[in-house]
Amino acid sequence: MSVDTLAGYTNGLVNLDSGLISRDIFTRQSIYDEELERIFARSWLFVGHESQIPEPGDYILGKMAEESVIFNRDRHGKLHVFLNNCRHRGMRVCRYDRGNSTKFACPFHAWVFSDEGKLVGVPKLDSAYHNELDRSKWGLIEARVYSYYGYVFACWDEETPDFETYLGDLRFYFDDYCELPDGTHGEWEAFGGTFKWRVPCNWKFGAENFAGDYYHNPSHASVDSIVLSPAGVKGRHTYDTITRKREQYLLNICVTPEGHTSRGQLFKDDYEYMPTYQEMTVVEDYFRDCYAQRQARLGEKSRWFGHGGTIFPNVSYSNGVQSMGTWHPSGPHETQVWRIFLAPKSAPDEVKDVLRHYVIRYQGPSGLTEQDDMENWGSAHEGARGTIARRYAYNYGMGMGYERKGWPVDWLGGDVYATEDVSEQNQRAYYARWAALMDQPPSAPQQRETAAAAE
Amino acid sequence: MDGTPDKVLIDRLLLRYRVEQFYIQEAELLDSRQFHAWLELLADDIRYWMPLARNQESGKWDGEYTREGKDLNWFDEGKFELEQRVKQIMTGLHWAEEPVSRTSHMYSNLQVEDREDGSLNTRCRFLVYRNRTETETDFFVGKRHDTLRRDGDGFKVAAREIFLDQSVLLAKNLTIFF
Ligand code: FES
Ligand SMILES: [Fe+2]
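The listed protein sequences derive, respectively, from chains A and B. Using the working numbering, read the first sequence as starting at 1 and increasing by one per residue. Using the working numbering, read the second sequence as starting at 1001 and increasing by one per residue.
These are computed hints drawn from the structure, not numbers from a lab. Please note that the accuracy of each hint is not assured.
[Claimed, not checked] In silico DSS-like cross-links for lysine-lysine, where the CA-CA straight-line distance does not exceed 30 Å:
| hint | chain 1 | residue 1 | chain 2 | residue 2 |
| --- | --- | --- | --- | --- |
| 1 | B | K1079 | B | K1156 |
| 2 | B | K1156 | A | K234 |
| 3 | A | K234 | B | K1079 |
| 4 | B | K1156 | A | K103 |
| 5 | A | K345 | B | K1143 |
| 6 | A | K268 | A | K301 |
| 7 | A | K78 | B | K1060 |
| 8 | A | K352 | B | K1079 |
| 9 | B | K1060 | B | K1070 |
| 10 | B | K1060 | A | K234 |
| 11 | B | K1087 | A | K245 |
| 12 | B | K1060 | A | K352 |
[Stated by the list, open to error] Far from chain A, by Cβ distances over 12 Å, these chain B residues were calculated:
| hint | residue |
| --- | --- |
| 13 | L1052 |
| 14 | V1086 |
| 15 | E1116 |
| 16 | C1124 |
Nothing here was measured: the structure is a model prediction, and the numbers come from that model. From the three backbone atoms N, C-alpha and C, an ideal C-beta is built for every residue, glycine too.
Given the sequences, and given the hints that come with them, work out the whole structure.
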């Protein structure tokens, strides 16, 4: 154990009694190395959406932490996630961001793997390996896979509970995200392409920001003064138009002990649809109709209007722009963000077009809002690097002791806490989970596969 | 050739010269942060598009770039949206551009082609250098395809396609114009 972790994480570097978190957790190489093993190798990680690989044989490359994975649908329609890494010398067996193939041939010495991960071809198996290589033991390394309404997660660890247990009481909020605007669990379809870019900050800054940081609104003053909302009025959110005249709670929701988070508005009454896209009849009709259907379908639960949140450890979902953004660690000082955007498959083209234009201009490196977010995270990261600066913890104490359970309504979930307006409750829940996992040494370290192969 | 200047060639050189002057002027405006003046060079119905690039199998390059009007793109917008970007920078509160970047836009390999409707198609390579704050530095290199509409003695950009030679964007943002 390294010197940094002698104090431990829970109530050491992450002090939940005082709300203080050491800056070291963002910048120390040794802590980062431990995260890869203790957080990422154990957690369910988002890899993509089923609509990105609709046909048998379709694949895309995904990422789990620093490592490349193949997310594919085999010829029988089954989903797989494989480490994109040849068992012989580790070369990438798939070199393309997307395609359709029933086999993956390694460029180095030409081992061939099937779309089910089996090692099906080994050159000179007889003359050089003397038929002593047991191909059944040298297939691609495969992760556990779970598709939650088409949103696909994968996990390397057999001991981690199943995905739905892992999700815990975030279920209500993530279900809300997965529902179409009409409140049904219909199909979403990802737009072509994945935003991929680099941000000079630790991966946790994006994750904690999306977890629930309404406090940082002042940093968005510039985008709030122009027209970004597709409603064509000043402001950056469509929902500013939709919801501004309603009585409501602005809520931060955290799920314990899983560390997942959500945020959104809870209206105090059943309100009528608020005309939003007056200049676009098809779009207006679509959302008006969906609104009525959702209200009829969900009853008082339709008063919840989710904004998004973070599923521990590193995927953030955003309602409205319907995005899934993954904060891939890329060394302690860099994050590689991958983000997809989706639209209801059955929506008219006009609706998809409005959503697509909005997301491009809102999130990502060309997005008018996130550009400023990244400036914040980059600078917060730099602020965690200095020898002197690192002696002083970051303050995550806002609203401590004001978290409430079963409030403002009892149907918001079991083990969830809520705070109103701005608070750092969600970040505390997120880092409590992070610290608990970091305190737990891996049960079976990396040697697993070597031992299995030696049997 | 009998030594008299080739009329066709001279006309082409003149046209090319005028396009070059137009782009030099455009770069000057961008690099001196005269963004409102830069907007004046754009047609009101401009399409400004920068797709994402993907790594695909040799020969199967169809779809290497995401589609305009359908897929995700780094930019897929018109003049109104570009005006909003300029307005945002001008607030002095757009922290990703405050302090504002130092940029140098360079263009080369210019090709100019007449279209039947009197407008022009141009192709060039661009190299945009951006530096801001202390050490933040980016190079954006790629291909730019424009449609230029004649406008008095000058031109207006009616369509701009920007093909950046990167799949993972290496910069943290795209707060500058191409
Ligand atoms: S590295 Fe793949 S076959 Fe040798
Ligand atoms: Fe933000």
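Inset, instruction - List in ascending order the numbers of the hints, as given earlier, that are violated by the structure. - result: 4, 5, 10, 13, 14
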